[in-house]
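Residue numbers (the numbering used here), protein chains in the order written: chain U, 1 to 230; chain X, 231 to 460; chain G, 461 to 690; chain L, 691 to 920.
FYI, nobody ran anything at the bench for these hints, they're computed from the structure.
Hints are supplied without guarantee of correctness; some may be wrong.
25 Å max Cα-Cα, derived SDA-like pairs, lysine to any residue [said to hold, decoys possible]:
no.	chain 1	residue 1	chain 2	residue 2
1	U	K3	X	N252
2	U	K56	X	N252
3	U	K208	X	E302
4	X	K238	X	I447
Protein chains: 4
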Amino acid sequence: MSKPIIKKPFFVFNPKSYLYGNALLELANVADHLAEKYPISIFVTAPFADLSAISKSTSKIIVTAQHMDGIEPGRGMGQVLPESLHYAGARATFLNHAEHPMTLSNLSKAIIQAQKLGVLTIACADSTQEAKAIAELKPDIILCEPTDLIGTGKTSDENYINETNEAVKGIDSEILVMQAAGISTANDVFRTIELGADGTGCTSGIVKNQDPKQMLIDMVEAAMHAANTQ
Amino acid sequence: MSKPIIKKPFFVFNPKSYLYGNALLELANVADHLAEKYPISIFVTAPFADLSAISKSTSKIIVTAQHMDGIEPGRGMGQVLPESLHYAGARATFLNHAEHPMTLSNLSKAIIQAQKLGVLTIACADSTQEAKAIAELKPDIILCEPTDLIGTGKTSDENYINETNEAVKGIDSEILVMQAAGISTANDVFRTIELGADGTGCTSGIVKNQDPKQMLIDMVEAAMHAANTQ
Amino acid sequence: MSKPIIKKPFFVFNPKSYLYGNALLELANVADHLAEKYPISIFVTAPFADLSAISKSTSKIIVTAQHMDGIEPGRGMGQVLPESLHYAGARATFLNHAEHPMTLSNLSKAIIQAQKLGVLTIACADSTQEAKAIAELKPDIILCEPTDLIGTGKTSDENYINETNEAVKGIDSEILVMQAAGISTANDVFRTIELGADGTGCTSGIVKNQDPKQMLIDMVEAAMHAANTQ
Amino acid sequence: MSKPIIKKPFFVFNPKSYLYGNALLELANVADHLAEKYPISIFVTAPFADLSAISKSTSKIIVTAQHMDGIEPGRGMGQVLPESLHYAGARATFLNHAEHPMTLSNLSKAIIQAQKLGVLTIACADSTQEAKAIAELKPDIILCEPTDLIGTGKTSDENYINETNEAVKGIDSEILVMQAAGISTANDVFRTIELGADGTGCTSGIVKNQDPKQMLIDMVEAAMHAANTQ
Chain U
1 MSKPIIKKPF FVFNPKSYLY GNALLELANV ADHLAEKYPI SIFVTAPFAD
51 LSAISKSTSK IIVTAQHMDG IEPGRGMGQV LPESLHYAGA RATFLNHAEH
101 PMTLSNLSKA IIQAQKLGVL TIACADSTQE AKAIAELKPD IILCEPTDLI
151 GTGKTSDENY INETNEAVKG IDSEILVMQA AGISTANDVF RTIELGADGT
201 GCTSGIVKNQ DPKQMLIDMV EAAMHAANTQ
Chain X
231 MSKPIIKKPF FVFNPKSYLY GNALLELANV ADHLAEKYPI SIFVTAPFAD
281 LSAISKSTSK IIVTAQHMDG IEPGRGMGQV LPESLHYAGA RATFLNHAEH
331 PMTLSNLSKA IIQAQKLGVL TIACADSTQE AKAIAELKPD IILCEPTDLI
381 GTGKTSDENY INETNEAVKG IDSEILVMQA AGISTANDVF RTIELGADGT
431 GCTSGIVKNQ DPKQMLIDMV EAAMHAANTQ
Chain G
461 MSKPIIKKPF FVFNPKSYLY GNALLELANV ADHLAEKYPI SIFVTAPFAD
511 LSAISKSTSK IIVTAQHMDG IEPGRGMGQV LPESLHYAGA RATFLNHAEH
561 PMTLSNLSKA IIQAQKLGVL TIACADSTQE AKAIAELKPD IILCEPTDLI
611 GTGKTSDENY INETNEAVKG IDSEILVMQA AGISTANDVF RTIELGADGT
661 GCTSGIVKNQ DPKQMLIDMV EAAMHAANTQ
Chain L
691 MSKPIIKKPF FVFNPKSYLY GNALLELANV ADHLAEKYPI SIFVTAPFAD
741 LSAISKSTSK IIVTAQHMDG IEPGRGMGQV LPESLHYAGA RATFLNHAEH
791 PMTLSNLSKA IIQAQKLGVL TIACADSTQE AKAIAELKPD IILCEPTDLI
841 GTGKTSDENY INETNEAVKG IDSEILVMQA AGISTANDVF RTIELGADGT
891 GCTSGIVKNQ DPKQMLIDMV EAAMHAANTQ
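The whole structure should be built from the sequences, with the hints applied where relevant.
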């Protein structure tokens, strides 16, 4: 099946397990309006059981799972079935996040299953070496996030961004590179895109903000602004 | 929050990851009619992303997740958030299934979270010793399934059923005991309830049957019949 | 096979993966002299591949593995084989430490294998509820260590110690209870034994001390002193 | 530190957890004689706690661990410390075996630690795609073993051997490729080397043989013979 086309720069709103139900739905709807207004791809993640509701309520965002297992329909009790995610409307999934590390074997199989179903894959690496290994598995996006920086409010510097871009695109020039370490303000978003990331995203900078909707709007507009100045 | 009341004997239709989408929904609707017709609790499991659709389409069955993590809203990227399952309509969850074994710590926390949300817990043990350990965590139901028998078509014998019943209820008499090893025919269901199990259930005996709907009906009616003869 | 007899109060020197080779051997020899001098059981843990050397060089300490899997000789590539540990001289093992959490199934099987081989088991719990579940598996010692306190320098308070003692011994009065949260000085050791722990132990308070040998001596003597004042 | 030099074709005797203690030591000594007699590298794996004894008793074989974690000295309770393995005499380690799959992150870090210590790495892949990903991490040897064939007695065919050789050496021509699926006779060893594998190895074909010593000798000599006919 055909996958969604990614319009660069892309922005990922990843509320992890901070949000569910109505609170998540409201922010997904804000993101949906932004994805209609601007020529930019916006991914919104949701807990597995929320994917269906988010998908039914939106039409422009790319509804994204937080994880997916590399299994086919069968036993797999308690695992995350790709077909079920796709049926619920998910069109992308994170894989191998530092909070849910995958075995190489499961990661490899999950990318193959996603490809068959038309689900975009965002695979996480916490070093340039890992990013190169993952690039051989041909996901759509690699998130290069030095684990040490997660939650510190420090963003990846220019050297790291250039190094990972070169490492990944040297293996497969079609893979997009996402940089999201320490994004906590709209200015971080602007700077990261300006430095050469294909996309970026945010969790706590939005969900812990006093006004999450406004911060989401500001960040998406900062990504647009950075793209226009390039 | 209050949990559903379990009417004995209960029956668990657990299609694992064999089914999703419409095929699963149709069987869930059959189960819902049976749960209306008979004074028996019927649990139907679904992949996480299918829970919401099953829940919206049914009213009598107990919609059941295949797994749940012992986390609270927060980071937990890729994990199975209890609040999200409950919001989607799940009122029960399996825990520690042999195909998704949990650490003792995660199992313990998941049972606590489920209790807070009013979600019933079906915790799996593959020996009498494990069943006793789990009984101290006070789940609602313990599934005593000797791992060696899963998928073999051999049911637990009377000794094993008595032994696990005594072991579990000796620790907490309110915990229900489910026996489901090797249930492949309606007669297996009848015999297992007759031998003293509080409930039973089935996966491949239904999903791999030529006529899954009829087999589901037959099994639920066999459970009823066994209850009436006691 | 017969297990070593535990002389109370016991002390566990657990250098985790901080030490290996000669540095570890020297401290193990210090512990061996103390175990000869005082009527107290001293457990010394070592990385798996160091167990043999420690065992050959000592005679009074109880050489202890950091983990063991619940397997029998066979495939199990990369797992920690009980028979191999025992052959190398280990006579005790930690299980389910917060840095290496075990599935309930593996934990249950490991305790059974250890019992067969005459290897003492020290199983870790991070809540009273978990301690009760583990007590049903009948390990020799339960380490009750609220995970939140590990590495903070805060010790468990009297309430927690009493509560876990009662919870564990209420299920099986022969299980010993170890309390080791936040032990960083000899005084912490004294106080913890005085408050009713059957034993205690230490990692960073010793290995990060300027004079690890002296701190080890001081702690063991504090345990002796506490025992004598009871 | 400098790593051992690998003399092709190499042979890996991998008794997994089938053997420990004296039974393992005797076969390791047989392998040591063979490694002296023939210009071939012989790796012999051992459970962690047996490594030290095997290493002390042999001088020509490459003593090999079954697994190693990507950690540095520090906490890591229950994990497999690289420094401890090296101190015990291990000069190689398997990584990511199908019976002990590793997260990509742990695998990547383990290869880096091994490199620092002068420990050879044999990393397992169960598909060509995985082999390519692992090749980017630059282990010394990649074992290409279609998981489905493990223990079936079926060997990899010529196509699979050529395909994996090209895939791996296309990324890094210095990485050696091991093929070991279904090796159960000396003739399997001969044929696999003849078809182009840099090395091969065996578990159950040796340990379950009536005369394991003779089978070990026959297999090593078959590898030599295949090398001489090339």
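If you check each hint against the structure, which ones fail?
none
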